[in-house]
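Enquirer: Read off the chains here:
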Amino acid sequence: GIQVEQSPPDLILQEGANSTLRCNFSDSVNNLQWFHQNPWGQLINLFYIPSGTKQNGRLSATTVATERYSLLYISSSQTTDSGVYFCAVVSGNQFYFGTGTSLTVIP
Amino acid sequence: DTGVSQDPRHKITKRGQNVTFRCDPISEHNRLYWYRQTLGQGPEFLTYFQNEAQLEKSRLLSDRFSAERPKGSFSTLEIQRTEQGDSAMYLCASSTNDSPQETQYFGPGTRLLVL
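These protein sequences, in sequence, are chains P and Z. Counting in the working numbering, the first sequence runs from 14 upward without gaps. Counting in the working numbering, the second sequence runs from 30 upward without gaps.
No lab work stands behind these hints: they were computed from the structure. There's no promise every hint is true.
Distance windows between CB atoms, simulated [said to hold, decoys possible]:
#, chain 1, residue 1, chain 2, residue 2, range
1, Z, T42, P, P52, 19 to 29 Å
2, P, T79, Z, H39, 21 to 31 Å
3, Z, R88, P, Q27, 17 to 27 Å
4, Z, L89, P, S41, 29 to 39 Å
5, Z, H39, P, D40, 35 to 45 Å
6, Z, S34, P, G65, 45 to 55 Å
7, P, V77, Z, T132, 13 to 23 Å
8, P, S64, Z, T42, 29 to 39 Å
9, Z, S102, P, S88, 15 to 25 Å
10, P, P52, Z, I41, 17 to 27 Å
11, P, P63, Z, E57, 35 to 45 Å
12, Z, T42, P, V77, 26 to 36 Å
13, P, Q27, Z, P99, 46 to 56 Å
14, P, E18, Z, R88, 13 to 23 Å
Only part of the chain Z face toward chain P is listed, based on derived beta-carbon distances under 8 Å [stated by the list, open to error]:
#, residue
15, P72
16, F74
17, S87
18, F94
19, T132
Output of the computed footprint for chain Z on chain P, the stretches with three or more beta carbons under 8 Å from beta carbons of chain Z [to be verified]:
#, segment
20, 56 to 62
21, 65 to 77
Just so we're clear, the structure is a prediction, and the values are computed from it rather than from any experiment. Ideal Cβ positions, reconstructed from N, Cα and C, are used throughout, including at glycine.
When you get a sec, could you build the whole thing from the sequences and use the hints?
Expert: Given below as structure tokens:
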């Protein structure tokens, strides 16, 4: 199956700081999504972004499919941004999740 | 649209017992997925349904695991003869291929502890 690697594994930020999370994948994909898992375990879809750039409020994402990576930008971080961020890619009918980036935003 | 629901939210069982979990997808979502997540890891794909047809099964899904979606609506995941290694969060997600984005919507999960 496809290998999905995320970096950094852990990140601690002061409230108000910006950050960039990276997702590398080992093969061509036609579906890539970013998710946030809150401290209670609920997974929320943030972006569907197989290529190009999208923005939603303080979050934006860019995928360069030809170079097999995607970036998630978080600006002006808030304590509610804490949790684990996963990227997931699709091969066939299977979703492959990365190991995630655990983000802690401190006030 | 009430979102994806899962039942029960928590299950504690003894090794060797059978357990069954239920997932109710968002209404009219024709795709349904089951995942397993252990502590510190991302979700691992188990199986996928389009309507009532089970189209994909991971090699992770041993013969003790079986999933059904008999009428193309809710789905059940059964684990027979549970083992301690089955302890995990079991997640269900649904989507529709009517949307070009195929965004997956996840339920809250069922946390299983096998003693």
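Enquirer: All the hints need checking, so say for each whether the structure fits it.
Expert: Hint check results:
{"no.": "1", "hint": "T42/Z to P52/P: 19 to 29 Å", "in the structure": "holds (25 Å)"}
{"no.": "2", "hint": "T79/P to H39/Z: 21 to 31 Å", "in the structure": "violated (44 Å)"}
{"no.": "3", "hint": "R88/Z to Q27/P: 17 to 27 Å", "in the structure": "violated (43 Å)"}
{"no.": "4", "hint": "L89/Z to S41/P: 29 to 39 Å", "in the structure": "violated (23 Å)"}
{"no.": "5", "hint": "H39/Z to D40/P: 35 to 45 Å", "in the structure": "holds (37 Å)"}
{"no.": "6", "hint": "S34/Z to G65/P: 45 to 55 Å", "in the structure": "violated (33 Å)"}
{"no.": "7", "hint": "V77/P to T132/Z: 13 to 23 Å", "in the structure": "holds (21 Å)"}
{"no.": "8", "hint": "S64/P to T42/Z: 29 to 39 Å", "in the structure": "violated (44 Å)"}
{"no.": "9", "hint": "S102/Z to S88/P: 15 to 25 Å", "in the structure": "violated (41 Å)"}
{"no.": "10", "hint": "P52/P to I41/Z: 17 to 27 Å", "in the structure": "holds (22 Å)"}
{"no.": "11", "hint": "P63/P to E57/Z: 35 to 45 Å", "in the structure": "violated (24 Å)"}
{"no.": "12", "hint": "T42/Z to V77/P: 26 to 36 Å", "in the structure": "violated (46 Å)"}
{"no.": "13", "hint": "Q27/P to P99/Z: 46 to 56 Å", "in the structure": "holds (52 Å)"}
{"no.": "14", "hint": "E18/P to R88/Z: 13 to 23 Å", "in the structure": "holds (21 Å)"}
{"no.": "15", "hint": "P72", "in the structure": "holds (5 Å)"}
{"no.": "16", "hint": "F74", "in the structure": "holds (5 Å)"}
{"no.": "17", "hint": "S87", "in the structure": "holds (7 Å)"}
{"no.": "18", "hint": "F94", "in the structure": "violated (16 Å)"}
{"no.": "19", "hint": "T132", "in the structure": "holds (5 Å)"}
{"no.": "20", "hint": "56 to 62", "in the structure": "holds (count 4)"}
{"no.": "21", "hint": "65 to 77", "in the structure": "violated (count 0)"}
Taken one by one, the earlier hints fail for this structure at numbers 2, 3, 4, 6, 8, 9, 11, 12, 18, 21, listed in ascending order.
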